[in-house]
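**Q** Below are the chains, spelled out letter by letter.
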Amino acid sequence: MSLNEDKLKNFLVIGIGNPLRCDDGVGPYVADCIEAKSLSGVKVWITQQLFIEDIERMLEFKRIILVDASTGGLPIDFHLVEKTQLQAPSSSHHLSAETFVNLASSIYQKDVSLSLCSIRGSCFDVGDKISPEAQKNAQKAVHLICDSFR
Amino acid sequence: MDSQVNKENTILISPVTRIEGHAKITIDLGPDGKVINAKFHVNEFRGFEKFCEGRYFTEMPSITPRICGICPVSHSVSSAKACEMIMGIKPTYTGDLVRRLIHLGQMISSHALSFFHLSSPDFILGWESDPSLRNIIGIAQKSPELALKGIRLRKFGQEISERITGKKIHIMGIVPGGMGSALTEENRKALLGWIQEATETTQIGIDLIKKYHDQNKEMVNTFAAFPTLYLGTVGPQGELELYDGKLRFIDENGKVLQDQIDPKNYLNYIAERSIDWSYLKYPYYKPYGYGKGFYRVGPLARLNVASKMKTPKAQKEFLNFKAMNNGKPVHGTFFYHYTRLIEMLGSIEEAERILKDPKITSTDVCSAGKHNCNEGIGSSEAPRGTLFHHYNTDNSGKLTGVNLLIATGQNNPAMNQSVLEVAKQYIQGKTPKEGALNRVEAAIRCYDPCLSCSTHAIGSMPMIIEIKDHTGEIVNVLKRG
Numbered sequence: 001m002s003l004n005e006d007k008l009k010n011f012l013v014i015g016i017g018n019p020l021r022c023d024d025g026v027g028p029y030v031a032d033c034i035e036a037k038s039l040s041g042v043k044v045w046i047t048q049q050l051f052i053e054d055i056e057r058m059l060e061f062k063r064i065i066l067v068d069a070s071t072g073g074l075p076i077d078f079h080l081v082e083k084t085q086l087q088a089p090s091s092s093h094h095l096s097a098e099t100f101v102n103l104a105s106s107i108y109q110k111d112v113s114l115s116l117c118s119i120r121g122s123c124f125d126v127g128d129k130i131s132p133e134a135q136k137n138a139q140k141a142v143h144l145i146c147d148s149f150r
Numbered sequence: 001m002d003s004q005v006n007k008e009n010t011i012l013i014s015p016v017t018r019i020e021g022h023a024k025i026t027i028d029l030g031p032d033g034k035v036i037n038a039k040f041h042v043n044e045f046r047g048f049e050k051f052c053e054g055r056y057f058t059e060m061p062s063i064t065p066r067i068c069g070i071c072p073v074s075h076s077v078s079s080a081k082a083c084e085m086i087m088g089i090k091p092t093y094t095g096d097l098v099r100r101l102i103h104l105g106q107m108i109s110s111h112a113l114s115f116f117h118l119s120s121p122d123f124i125l126g127w128e129s130d131p132s133l134r135n136i137i138g139i140a141q142k143s144p145e146l147a148l149k150g151i152r153l154r155k156f157g158q159e160i161s162e163r164i165t166g167k168k169i170h171i172m173g174i175v176p177g178g179m180g181s182a183l184t185e186e187n188r189k190a191l192l193g194w195i196q197e198a199t200e201t202t203q204i205g206i207d208l209i210k211k212y213h214d215q216n217k218e219m220v221n222t223f224a225a226f227p228t229l230y231l232g233t234v235g236p237q238g239e240l241e242l243y244d245g246k247l248r249f250i251d252e253n254g255k256v257l258q259d260q261i262d263p264k265n266y267l268n269y270i271a272e273r274s275i276d277w278s279y280l281k282y283p284y285y286k287p288y289g290y291g292k293g294f295y296r297v298g299p300l301a302r303l304n305v306a307s308k309m310k311t312p313k314a315q316k317e318f319l320n321f322k323a324m325n326n327g328k329p330v331h332g333t334f335f336y337h338y339t340r341l342i343e344m345l346g347s348i349e350e351a352e353r354i355l356k357d358p359k360i361t362s363t364d365v366c367s368a369g370k371h372n373c374n375e376g377i378g379s380s381e382a383p384r385g386t387l388f389h390h391y392n393t394d395n396s397g398k399l400t401g402v403n404l405l406i407a408t409g410q411n412n413p414a415m416n417q418s419v420l421e422v423a424k425q426y427i428q429g430k431t432p433k434e435g436a437l438n439r440v441e442a443a444i445r446c447y448d449p450c451l452s453c454s455t456h457a458i459g460s461m462p463m464i465i466e467i468k469d470h471t472g473e474i475v476n477v478l479k480r481g
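Quick mapping for you: the protein sequence lines, in order, are chains B and L. Using this note's numbering, read the first sequence as starting at 1 and increasing by one per residue. Using this note's numbering, read the second sequence as starting at 1 and increasing by one per residue.
Just so you know, the hints here were simulated from the structure itself, not pulled from any lab data. We put the CB at the ideal spot given by N, CA and C, even for glycine. There could be a bad hint or two in this list.
Below, in silico cross-link-like pairs of lysine-lysine (DSSO-like), each with a Cα-Cα straight-line distance of 27 angstroms or less [as the list claims (entries may be wrong)]:
id : chain 1 : residue 1 : chain 2 : residue 2
1  : L       : LYS90     : L       : LYS310
2  : L       : LYS328    : L       : LYS313
3  : L       : LYS90     : L       : LYS313
4  : L       : LYS264    : L       : LYS286
5  : B       : LYS37     : L       : LYS167
6  : L       : LYS281    : B       : LYS129
7  : L       : LYS149    : B       : LYS110
8  : L       : LYS149    : L       : LYS313
9  : B       : LYS83     : L       : LYS149
10 : L       : LYS39     : L       : LYS356
11 : L       : LYS246    : B       : LYS62
12 : B       : LYS110    : L       : LYS246
13 : L       : LYS356    : L       : LYS308
14 : L       : LYS142    : B       : LYS83
15 : L       : LYS246    : L       : LYS142
16 : L       : LYS316    : L       : LYS50
17 : L       : LYS281    : L       : LYS211
18 : B       : LYS62     : L       : LYS310
19 : L       : LYS316    : L       : LYS356
20 : L       : LYS328    : L       : LYS316
21 : L       : LYS149    : L       : LYS356
Chain B side only, calculated, beta carbon under 7 angstroms to chain L, not exhaustive [unchecked claim]:
id : residue
22 : ILE52
23 : GLU53
24 : LEU80
25 : LEU103
26 : SER105
Could you put together the complete structure from these sequences and hints?
**A** As structure tokens, this is what we get:
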């Protein structure tokens, strides 16, 4: 990925997860599906975790969509992340979407448009296969996310 | 911090925060409510050494960075060196240089994280401040400019790795014989563009900690200050060396016990003993035996051990550090922070020198070789201290034995002593104030331990503190996570 190239993009889709833990890889799977569509103005990243340092690069984008696996709740939960009261990261290894929005505001004085798309998985064992249920949810999520670009 | 007190008399703090890994502390009280003992327990186990057996040895520089997201480069470097001993080869000049550069990047990234993200909230916001904000979030609120500088400094360190290997963490590309990829001219220029800002930010950190020292002399000088031996890697003239060199042990008075020891002979000088209350072993300097032979590694140890620094700005601060105890070792654990910043300054200077080396963008980055003998040992200075990788293979090159001696493990006896010293100083009775417990945690934080490395464990690092009465009953349990 060229660091300068990112600045031209309007939308950033970040697939988060470990593809070697079955449905935990559903975020990267969705990101791959969206990248395969070669949509104009859409950039895709895949990562296993978010870092505070990533905020600066993300601020270059008009809108950011995080795609991550969830272990419960709705099959797909796609919503805008609101700025809430600042919460401490539990460790340097983890940064929540809410913390990201808050840090962008407090450190960079910028409000970011960040959405979170959680996709329910059912199997998080070691392995590189996504379960049929998560795949079905992932395909719906791809459509929802692509529709949101319009 | 959550806290629970039972009818007996033990405090448990859990989880220990702003460190890398998972741990708990128990504090034992005497009949008069005074602290008589304290222990730092590491209750995770991962078993990297065991499950790597059977793998082909050249896979190790790619497998072992997965041990840790903070110091993957040190694991990969030590691993590649062990492989090179097995193959009987040396990396090319440029391969070696690029490795040094990535290693310095990791040092910058890790030290910036430790100081600006994890430890500075105690100095800037106060020991007694709201624990929910005593972190990078609180710094972002109180001093957004400083928070941004700290974040960008870490970003610089990570960008070195990313621009060379394509990855910020769990890097790939360090291979036996050198590197799998070269540094491009575009990336060389981009990295050079960071040097001034990184130097200025580190200097701000140094000014900050020195000001804190001046304003809190009593606390700083007495905070877990106790004599130990020290181990570090040095160059031929005794200069501090982070990437490659020979081992030097000094005693508590600064007398050199061993010098210019080839790391492959480490087992002649270091032994380990298992203890029944932690997965972290107790290493010690073999000639002095268990107990008397406890030693420390990491930034404080390295600067105590070294005769000089390799770069001018770091050398200037080094002289200031050495003057603190008239050239004798500085034993105060709090000085890990200052020495960490001095190392970071030197790392930035050295990175600039390497980036200006005309051969840094050469594509001659790797030499070839094959399985040549059945044993290899490699070492480097990880951010937290000296790291050893020791492999044995069968005749086909499959690993039959793996020993990883990790920096945090070597600091384990000292971390326990530090917890005891600070607990004795600040805790009285079974319901200590939160600020006192934070100081106990801070004693561990000085070492910037990485328990994922040292036990090869996985997961976040909550901390528990238990306080026990003189009968051994738990009277208070405090948890945070």
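**Q** For each hint given before, does the structure comply? Return the numbers of the non-compliant ones in rising order.
**A** 3, 6, 10, 11, 12, 15, 16, 17, 18, 24, 26
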